[in-house]
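Q: Residue numbers (the working numbering), protein chains in the order written: chain B, 49 to 184; chain Z, 3 to 157.
It is possible that part of the hints are untrue.
[Stated by the list, open to error] Think about it this way: if two alpha-carbon atoms lie no more than 35 Å apart in a straight line, the pair counts; the simulated DSBU-like pairs of lysine-lysine are:
| # | chain 1 | residue 1 | chain 2 | residue 2 |
| --- | --- | --- | --- | --- |
| 1 | Z | Lys-93 | Z | Lys-127 |
| 2 | Z | Lys-150 | B | Lys-101 |
| 3 | Z | Lys-93 | B | Lys-139 |
| 4 | B | Lys-55 | B | Lys-156 |
| 5 | B | Lys-101 | Z | Lys-60 |
Calculated from the structure, these hints are not laboratory results.
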Amino acid sequence: MTDTESKAIQAKGKMEAATPGEQTRPGFVFTPTVDIFETDKEITLLADMPGVKGEDLLIDLHENVLTLDGNVRPPESPGEIDVLREYRTGKYYRQFTLSEIVDQAEIKAQLKDGVLRLTLPKVKAATPRRITVQGQ
Amino acid sequence: MFLLRRPDYWPASGWRDPFEELERMRRQMDLMSTTLFRTPAGETGAGVFPMMNVTEDKDNYYLRAELPGMKAEELVISVTGNSISISGERKLAAEDYKAQYHRREREAGTFNRIVNLPAQIESEKVEASCADGVLTVALPKSEMAKPKRIAVKLS
Numbered sequence: 049m050t051d052t053e054s055k056a057i058q059a060k061g062k063m064e065a066a067t068p069g070e071q072t073r074p075g076f077v078f079t080p081t082v083d084i085f086e087t088d089k090e091i092t093l094l095a096d097m098p099g100v101k102g103e104d105l106l107i108d109l110h111e112n113v114l115t116l117d118g119n120v121r122p123p124e125s126p127g128e129i130d131v132l133r134e135y136r137t138g139k140y141y142r143q144f145t146l147s148e149i150v151d152q153a154e155i156k157a158q159l160k161d162g163v164l165r166l167t168l169p170k171v172k173a174a175t176p177r178r179i180t181v182q183g184q
Numbered sequence: 003m004f005l006l007r008r009p010d011y012w013p014a015s016g017w018r019d020p021f022e023e024l025e026r027m028r029r030q031m032d033l034m035s036t037t038l039f040r041t042p043a044g045e046t047g048a049g050v051f052p053m054m055n056v057t058e059d060k061d062n063y064y065l066r067a068e069l070p071g072m073k074a075e076e077l078v079i080s081v082t083g084n085s086i087s088i089s090g091e092r093k094l095a096a097e098d099y100k101a102q103y104h105r106r107e108r109e110a111g112t113f114n115r116i117v118n119l120p121a122q123i124e125s126e127k128v129e130a131s132c133a134d135g136v137l138t139v140a141l142p143k144s145e146m147a148k149p150k151r152i153a154v155k156l157s
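Chain B extracted, bound-state conformation (with noise of 0.2 Å):
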């Protein structure tokens, strides 16, 4: 289903997140590149956050307001000093409003390599049928 063809990838700087309310904390907050799908039985996100370590990452469902929070720590040791500096790192922040139909109990988190797959399925009346026609 993905673009399996091999086309170069073009560079683009991280998005700076318009946060609500403002920040208590100096840093930079970007907004993480998803990809939002769904089959009949659930809807899967993933997000890049890369740098971000699972104990860092907050996921927060609030009245159907999925919360992503996630932390980077700097990775440069305090010796170091910047020869080249092309992308900034900070935090990692995006809000998502989710519909009834998601099972909230059921929703399952898994960060790997800096990626975040979330997987929210669905509840089972919402779940398509198809609906037969009957004639006379």
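Start from chain B and add chain Z according to the hints.
A: Leaving out everything else, chain Z in the frame of chain B:
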């Protein structure tokens, strides 16, 4: 668009080189963007994926790049003299063919990048590791490139 020109702005040599005027405007725009936004103009770098940060300490250069979802064995890294090249292909796993997309922002594709470092590298001792989607390459400086303290003899 209106351009207001004051006579003292006018280049003394007249309208000989229109590009000179453009260049001056570009510099002013750069200056404006530096004051308006936090990141200085041109920080987006070389325009080649992946974006890289290079730092140094006394003995090493450290090169870092964000490559989420990639493993160290999928990357081809080679070092010659003072340049390092990194290439590979980022593949996104094929999902259910029936999946319908709401968002599709993540990108797949090949990349090939070469960076020149300011000094020679001990190519045998270069170490690369990938953790949480961030590649880190430690490049030890060659003995020749390290700073040496020179004792001043007292006569």
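Q: CA of Lys-101 of chain B to CA of Lys-60 of chain Z, is that 35 Å or under?
A: Answer holds: Lys-101 of chain B to Lys-60 of chain Z is near 28 Å, not above 35 Å.
Q: Take the C-alpha atoms of Lys-93 of chain Z and Lys-139 of chain B, compute the straight-line distance between them, and say whether it is at most 35 Å.
A: 25 Å, holds
Q: Next pair to validate is Lys-93 of chain Z with Lys-127 of chain Z; report whether the Cα-Cα distance is within 35 Å.
A: 29 Å, holds
Q: Between Lys-150 of chain Z and Lys-101 of chain B, does the CA-CA distance stay at or below 35 Å?
A: 39 Å, violated
Q: Sort out whether Lys-156 of chain B lies within 35 Å of Lys-55 of chain B, counting only the CA atoms.
A: Roughly 32 Å between the alpha carbons, so the hint for Lys-55 of chain B and Lys-156 of chain B holds.
Comparing the model with each earlier hint shows a violation of hint 2 alone; every other hint is respected.
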